[in-house]
Amino acid sequence: MINITKFIINDLIKNWILLLYTALLLLATLGFFLLEGQGDKAILGVLNLTLLLVPMITVIFSTIYYYNMYEFLILLMAQPLRRRSILGSLFLGLVVSFGLAILAGLGLPLWLLHPGGVSLVLIVVALLLTFIFIGLALFVAVWLKDKARGMGMALFLWVYFVLIFDGLVLLMMYNFSDYPIGKIVLFITFLNPVDLGRIMVLMQTEAAALMGYSGAVFRQFFSEWRGMLASLLIMLAWSLCPAWLSLRMFRVKDL
Amino acid sequence: MRIFFPILFTMAFVSALIYEAEAASFHVRKGTPLHTIKKAIALAGDSDTVFVHEGTYLETQLLIRKPLSLIGVNRPIIDAQHGDEILIVEAGNVLIRGFRLQNIGVSHLKDRAAIRIVESREVIIDDNILNNTFFGIYLQNSFQCTVRNNTVRGEAYDEMNAGNAIHIWKGRQMEVINNHLSHHRDGIYFEFVDQSLIRGNTSQDNMRYGLHFMFSNYDTYQENTFQRNGAGVAVMFSKHIKMVKNTFEENWGGSSYGILLKEISDGFMSQNTFKSNTVGVYAEGASRIKIENNNFIDNGKAMDIKGNCIDNQILSNNFIGNTFEVLTNSSSNLNHFEGNYWAQYSGYDLDKDGIGDFPHRPVNLFALITDKIPAANMLLYSFLVNALDMAERMFPEIIPENLSDERPRIKPLNHD
Numbered sequence: 001m002i003n004i005t006k007f008i009i010n011d012l013i014k015n016w017i018l019l020l021y022t023a024l025l026l027l028a029t030l031g032f033f034l035l036e037g038q039g040d041k042a043i044l045g046v047l048n049l050t051l052l053l054v055p056m057i058t059v060i061f062s063t064i065y066y067y068n069m070y071e072f073l074i075l076l077m078a079q080p081l082r083r084r085s086i087l088g089s090l091f092l093g094l095v096v097s098f099g100l101a102i103l104a105g106l107g108l109p110l111w112l113l114h115p116g117g118v119s120l121v122l123i124v125v126a127l128l129l130t131f132i133f134i135g136l137a138l139f140v141a142v143w144l145k146d147k148a149r150g151m152g153m154a155l156f157l158w159v160y161f162v163l164i165f166d167g168l169v170l171l172m173m174y175n176f177s178d179y180p181i182g183k184i185v186l187f188i189t190f191l192n193p194v195d196l197g198r199i200m201v202l203m204q205t206e207a208a209a210l211m212g213y214s215g216a217v218f219r220q221f222f223s224e225w226r227g228m229l230a231s232l233l234i235m236l237a238w239s240l241c242p243a244w245l246s247l248r249m250f251r252v253k254d255l
Numbered sequence: 001m002r003i004f005f006p007i008l009f010t011m012a013f014v015s016a017l018i019y020e021a022e023a024a025s026f027h028v029r030k031g032t033p034l035h036t037i038k039k040a041i042a043l044a045g046d047s048d049t050v051f052v053h054e055g056t057y058l059e060t061q062l063l064i065r066k067p068l069s070l071i072g073v074n075r076p077i078i079d080a081q082h083g084d085e086i087l088i089v090e091a092g093n094v095l096i097r098g099f100r101l102q103n104i105g106v107s108h109l110k111d112r113a114a115i116r117i118v119e120s121r122e123v124i125i126d127d128n129i130l131n132n133t134f135f136g137i138y139l140q141n142s143f144q145c146t147v148r149n150n151t152v153r154g155e156a157y158d159e160m161n162a163g164n165a166i167h168i169w170k171g172r173q174m175e176v177i178n179n180h181l182s183h184h185r186d187g188i189y190f191e192f193v194d195q196s197l198i199r200g201n202t203s204q205d206n207m208r209y210g211l212h213f214m215f216s217n218y219d220t221y222q223e224n225t226f227q228r229n230g231a232g233v234a235v236m237f238s239k240h241i242k243m244v245k246n247t248f249e250e251n252w253g254g255s256s257y258g259i260l261l262k263e264i265s266d267g268f269m270s271q272n273t274f275k276s277n278t279v280g281v282y283a284e285g286a287s288r289i290k291i292e293n294n295n296f297i298d299n300g301k302a303m304d305i306k307g308n309c310i311d312n313q314i315l316s317n318n319f320i321g322n323t324f325e326v327l328t329n330s331s332s333n334l335n336h337f338e339g340n341y342w343a344q345y346s347g348y349d350l351d352k353d354g355i356g357d358f359p360h361r362p363v364n365l366f367a368l369i370t371d372k373i374p375a376a377n378m379l380l381y382s383f384l385v386n387a388l389d390m391a392e393r394m395f396p397e398i399i400p401e402n403l404s405d406e407r408p409r410i411k412p413l414n415h416d
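Residue numbers (full-length UniProt numbering), protein chains in the order written: chain G, 1 to 255; chain U, 1 to 416.
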């Protein structure tokens, strides 16, 4: 398993798209800090970019990568290897190389320009989002054999988590605004890792005060270490569940 | 000989006058027979001067009932040892200068103050340092008094057990100038105080308001700095207030405002700076207020104008780096916005006259939504919300269509 993982990492690191992705993140982060000048505002810019870009690139690239590696995976099947370790190493390889891209493109400049709690949370959130969307991509790719449908599904997932989910939540809030939904909304955020990540970072910035007394439930939850730990665990669950499901599916699938 | 008597008489009269003018002075000093301030005040006659030399005096309830100058030399300390009030003035023309007053105990029955002025005129409190004195300087039903150059620092830890630094209840023509007030409940508290001036004060780190202003008309406050107060500054139920060149900054928190305008009318706000407040100006029931040439910089919400505000004029202000520029809870607009600089304005100026070619709508859709549905706060900075906001600005559907600046400026104004 380790050997295959090493091979995949080797292959990915030389991939020019991944290098471009790293460079883009690096430039954008530097750009935000140079343009905004001020710490918190720049962080918000980087946060917006991260929430939009990281899931998109990750989910598209990982789906394509699986389909491209399909023949190679079939070849590996011929060897006395467990199916679980084959897909597991593909997942690990993607996780490690994309993790490195995030650390180099986002972590390094953030830590140099604005060291502190916010940056740390932002980096962790970006890493977790990467893992989550790699898992989702593999899940979709294993599930749907057809490339076109797979890509469509992957893109739909991205649009769903970034856009549609928020729209539905807003619609729900409009319809149920007469009810005390403050607490329920807190649980609803757990259903979307992108929202959860955004709120985790926002709570570390001064923007938290903008939420006013109504955001008190949020602030209370997310500013405590227990709330932080709980949301981290939920994010971890989000990153492990799709990957685990895809492993199960891969094991019994007629390839 | 006949002419001699009138001259003698005149001379006697003149010398009597000089005697009157040259009032006696008393020196309170440790180790001399006159070593308590209480005794000196009792001995002194009208318009006399009592000098208190350096040292620590453990005295309370010094009652001044005649015109008197009480002057500290080398800043003597009067310590109440967590007991009752220190100086109580019940006469006009009193001067208190150069003391350090400290350690007055918290009482829930009585508003104990370091210096209390009761129904008096023309009292001057100058250059004192007050430390940990529940209430600092308390003026009640007094006129033409001056409080200047004092430093009043409390040690309040919660609102229940804190007093106000300068508390004026009922008065006219008061002057509060160049004081430094911190760590109290309210920095300056005005209730029923008319025609007064508040100038050059710094009020910071107070539990509640930096300046708390109620039922007070025709007052001016200028060049003050209000910083990091629990809830900023509140101006309520007042008329004809002039606010010029003040700085409101870093009042940041869930229920914190730069300035809260509630039920006030005919005011004038000019050349103030609102920087890094959760809400710069929060107006509720404010009418006929002219807000011009102010700077709103890096606030969460620059202005929150509720629907019950009418005929206010918001002219030539700078709005720079605010998350939300204007917020309201009404779909109509009864106020006038013109000639402001809005950093979020995305228009252009083809004829180069410095005025944008189409109007700017400063109300943000999301700010409006969260005002109606507080729970929607969870979508702050979400991609969906940003996209919706952009669309809404082009084709207003929910945001008040006529709340717009028809002549937005392209470049920020220089107000100096």
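Honestly, the hints are just simulated from the structure, not real lab data. By construction, the Cβ of each residue, glycine as well, lies at the ideal position given by its N, Cα and C atoms. Any given hint could be a false lead.
[Claimed, not checked] Below are the EDC-like pairs computed for lysine to aspartate or glutamate, each with C-alpha atoms no more than 16 angstroms apart in a straight line:
no. : chain 1 : residue 1 : chain 2 : residue 2
1   : U       : 275       : U       : 223
2   : U       : 239       : U       : 298
3   : U       : 275       : G       : 206
4   : U       : 30        : U       : 84
5   : G       : 41        : U       : 223
6   : U       : 275       : G       : 40
7   : U       : 372       : G       : 178
[Unchecked claim] Sample of chain G residues facing chain U (criterion: CB under 8 angstroms; computed from the structure):
no. : residue
8   : 10
9   : 185
10  : 199
11  : 210
Taking the hints in turn, this is what the structure says about them:
Restraint check for residue 275 of chain U and residue 223 of chain U: the C-alpha separation of about 15 angstroms stays at or below 16 angstroms, so the hint holds. As the CA atoms of residue 239 of chain U and residue 298 of chain U are separated by approximately 29 angstroms, the hinted pair breaks the 16 angstroms bound. For the hint linking residue 275 of chain U to residue 206 of chain G, the alpha-carbon distance of about 14 angstroms falls within 16 angstroms, and the restraint holds. Between residue 30 of chain U and residue 84 of chain U the CA atoms are separated by roughly 22 angstroms; this puts the pair beyond 16 angstroms, and the hint is violated.
Proximity of residue 41 of chain G to residue 223 of chain U is assessed by CA-CA distance (about 29 angstroms); at most 16 angstroms being required, the pair is judged violated. Of the pairs offered as hints, the one joining residue 275 of chain U and residue 40 of chain G holds, with about 15 angstroms between alpha carbons and a cut-off of 16 angstroms not exceeded. Under the criterion of a C-alpha separation no larger than 16 angstroms, the hint pairing residue 372 of chain U with residue 178 of chain G is consistent with the structure, at around 10 angstroms. Checking residue 10 of chain G against chain U: minimum C-beta separation of about 35 angstroms lies over 8 angstroms; hint violated.
The interface hint given for residue 185 of chain G is met, as the beta carbon of that residue sits about 5 angstroms from the closest beta carbon of chain U, less than 8 angstroms. With its C-beta approaching chain U no nearer than about 6 angstroms, residue 199 of chain G sits inside the 8 angstroms limit, and its interface hint holds. For residue 210 of chain G, the interface hint holds, since its Cβ comes within 8 angstroms of a Cβ in chain U; the closest pair sits about 4 angstroms apart.
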